[in-house]
Amino acid sequence: MKKLFLKTAVYAILILIALEVIVRVFHLAKDNPSRFVDKYKVEKWVPNQEGYSVTGNRRQNFSKFYINNSGYNSYREFTPSEEKIEIALVGDSFIEGFHQNYYNSIGKKIEKRLAGIEVYEYGYAGYDLADQLHLISVYKETFDKIDHIVLGLKFENDLLRDKYQVVQDRMHLESPLYKKARKIKLLVYTQNIGILQPLWKLAGRLMSIGKKRKKEPEKVITKEDIEAKHLTYIKNFKSLIDLYGYDKERFVFLLDTKITPQLFLDYLHDNSFKYIDMHPPLNASKLPTTLIYDRHWNNHGREIIAEIIADYIKE
Amino acid sequence: MVFNSLDFFIFLFIVFVLYWLLFKNHVKIQNIFLLVVSYIFYGWWDWRFLSLILLSTTVDYFVGIMIDFNTKKNKRKLWLWVSVLFNVGLLGFFKYYNFFVDSWIDMFSMLGYHIKSTWTLKVILPVGISFYTFQTMSYSFDIYYNKLKPTKDFLSFAAFVSFFPQLVAGPIERASNLLSQIINKRTFSYDQSVNGLKLILWGLFKKVVIADSLAPIVDDIFANYSTYSASTLILGVTLFSFQVYGDFSGYSDIAIGTAKLFGIELKSNFKFPNFSRNVAEYWQRWHVSLSTWFRHYVYIPLGGSRVSKLKSVRNIIIIFLVSGFWHGANWTFIFWGAFHALAFIPVFLMGRNTIYKNSVVGENSLFPSFIEIGQVLLTFSIVTFSRIFFRSESITDAFEFIKRILSNFTYEVYNHPMGYRMVDYYILIALFVLYEYRIRKDERAPFKFKSKIVRFIVYTIVILGMLLFYDSNIDRSFIYFQF
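Chains A and B, in that order, give the protein sequences. So that you can map any letter, position 13 of the first sequence is 13 in the UniProt record's numbering, and since no number is skipped, the others follow by simple counting. So that you can map any letter, position 469 of the second sequence is 469 in the UniProt record's numbering, and since no number is skipped, the others follow by simple counting.
Heads up, none of these hints are tricks.
Below 27 Å or equal to it, Euclidean Cα-Cα: the simulated DSSO-like pairs (lysine-lysine) are: (1) A:K2 x B:K185; (2) A:K3 x B:K452; (3) A:K2 x B:K450; (4) A:K3 x B:K448; (5) B:K450 x B:K267; (6) A:K7 x B:K452; (7) A:K3 x B:K24; (8) A:K7 x B:K185.
Since the hints were derived computationally from the structure, they do not count as laboratory data. Given the structure is predicted, the values throughout are model-derived calculations rather than measurements.
Given the sequences, and given the hints that come with them, work out the whole structure.
Here it is as C-alpha cells:
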C-alpha cells in the first residue's frame, strides 16, 4: 500500500507541475496586478504593470491591461493642463475595463468621437462614491484642471457608506501569503473556475466544528425596509457630498435609471445634480451589451457608453 | 454523496485506509466495516430509506434459506414468489404507484369519465431502489435454479446487497460473482488498486467532461424544442446520446474502480456501445448488467430463443417493454423499450443477433472498414433516435419533437445557451470518439500504453480536460439515480 500512495503522490506532483506549465504557456489564468494605498490613502494599482485579464475555463475572454503612472488601467498618462480639454471617467470595474484591451477602452472610444480631447480613466474595481469623491478631493489640483468629470454610480452598491476609509478586506489580498499564492498560476486558474470551492467550503465546515451556530430566522424584506434602506443611501450621498465637495458644473453622474429608485432620481433633479442615463441606449441595443461570462460591458456596450458620454460633452 | 464530490473522495480515502490497515486480517470484521460504511454512504442521501434496504436484505436472506431448505418444487416456487412479490411490490409502491393511478384516470378521461384524483401519493423515490431490489431478487432466483447455495452469514449478505460502490446505480451484480468475493478473504493488490484508480479517473472524465458539459445544451434543446429547427433537434438528441453514455458509463467505471480498491471485481457494465454494428450488439454492450439480468431471469425462463420464432419474438418484446418500464414510470420509457424491440426483432429474425458477440469493430485492423463504419453509424442513429423517447418529458413531447424534425427540416446555427463556443464541444466529442476507438478492445483498461511518458501525457490531458470543461454552476448528479 505504501508503494501505491508513494507512486500516486509522485504522479500527482508531476501532473500538477505539467498543468502549471500548460496554464502558463496557454495563459489560462489571469494576471493579478498589485495594489497599494498611496500617501493620500487612495487605493490604486501599483504603476507601470501590465498583464492579461482572462475569463472562463477556456480563455473565452482575453484582454491586455496596462497600469499607467497614475495607477489606473489606461493607454495614456494623465497630464491635465489649462490648455487642453480633458474628461475624467471615475468609477469601478466598468470604467477600469480589465475585460477589454486597454488600448480599446471607453476613454479611447470617446477620444475617437471627440477630436482633441483627452480622456482619463480613473477606474478601479470596487470603487464606490466615497472612493471616487475622496480621490477627487485629495487630488484636487489635478482634477481642478480637468474640464468634465463623469462619475459612475450604481445606487445599490455605491452608497453604502457616508465617509471614505481604506477597504482593508481588499488590501488583505496584498499580504505575503496571497502574493505567493498568486504566483502559482494553476491555483489562480482553479480558483477562478470554481473547482476549489468545495475545498474552501469543507475547510469552513471543519473550522466551524465545535462552534455554536446561531440560526437566524430568515428575515422577510418588506417595502418599508427597502424604503428605509434607500433613505439611508440618500443620507450617505448627502454626507459624502458635504464632506468632499461636488462641482455641479463640471461633474456628472453616469447611471442606469432602470435600477435607480425614483426617490433618488427626484432628489438629484431637485438639487440640480446632472446625470447621464445609460439605460435607454443599452436597452434599445439589438446586440448584447455585456460579456457572456460576467455582467461587464462588452465592446458593443462600451461603444454605447462612449457615445452617450461623447454626446453629452458635445451638448 | 455522489462519486464526483469532494465528500466522496474524502470518504473513500478514509474507508480505504481503515479497510486495509486495520481490518485486512479479519474478513468478517472487514465485511461488517463494509456494511457500516455502505449504510453511511447511502444514509448521506436519506437515512430513512436505509430501512428499505435492510428489509429487502432480510426478506431475501430468509427466502434464500427457505428455498434451499425445501426440496419440493412447489414450496420452493412459493418462496421465490415471496421474494419477487416483496421486491416488485416495493418497487411498485415507490416507483409505479402514481403512474398506474394517473394512467387509470387518464384512461377513464379518454372514455369521457372525469375522475378527480385523490389516490395519488406524495412518495419520494428512494435512490437506487431499482438496482438493489433486482440484485437481491437475483440471489433468490439463483438459489431457486440451484446455481447458488444460500449463505448463513447475514452480515456478509447485507454487505453484498449494500456494497456502496454499486449500491445506487449498479452494475447490478449476481450473488455468484459478488457474494462469493465478499465471503472470501481479500488481499491487497497493488496492480488491482492502480487499475481501480485509472478507472475512477476515466469515469470522472466521462462524467465531468462529456456528460456535464453537454447537459446544458441538451437541456436547452429539449426544453425549447418547439422553437428550434430540425438540425438543432438532431444535434440535441445526438449530444444526449453522448451525455447519457458519459454519465452512466462514467458512473459504472467509478463504481468498478472503487470496488477494485477494496479487492473486489465487479462485472463490466459498458463495453463501448457506440461502436456497435447492430442493435443486438448494442444490447451486449450497453448496461450489460441489466440486459444480463433480464436475459437470465425473464427471457430464458420464458423460453428464450429455444421456442418457436413467434414465441421468441414475444419474449423479445416482453423483455424490452419490461426493461423500458424498469427505467421509469412514464410512457416515454415504454415507447423507448418498444422501439428497441422493433429494432432488435429484424436482427434476430435474420439470425444476426449474436454474430458480433466476441468481436469488436476493427477487430484485426487499425481502422474499421467502410462497411463497419456504415453499420456503426446506422446503429448509432437508431439508438439515438430512440433516445428522443428516453429524454422527453412526456410521450406527447416525444412525438412533437419527432414531428418538428420531420416538418421543419432546415438547418440553423445553434448557439450555446450560456454563450460558449460550440466548436469546443464538437472537437471534444470527436476526440472522445477517437480515443474510445483506440481503447475499444478493453473497457477495463482505459490507459493501456506501453510508454510511461505517453501514459503520463494522457493522464495530464484527461485532468486538463476536466479543468477546461468543469462548470461549478451545473447540477452534477447522475442521470441514472432517478431510476
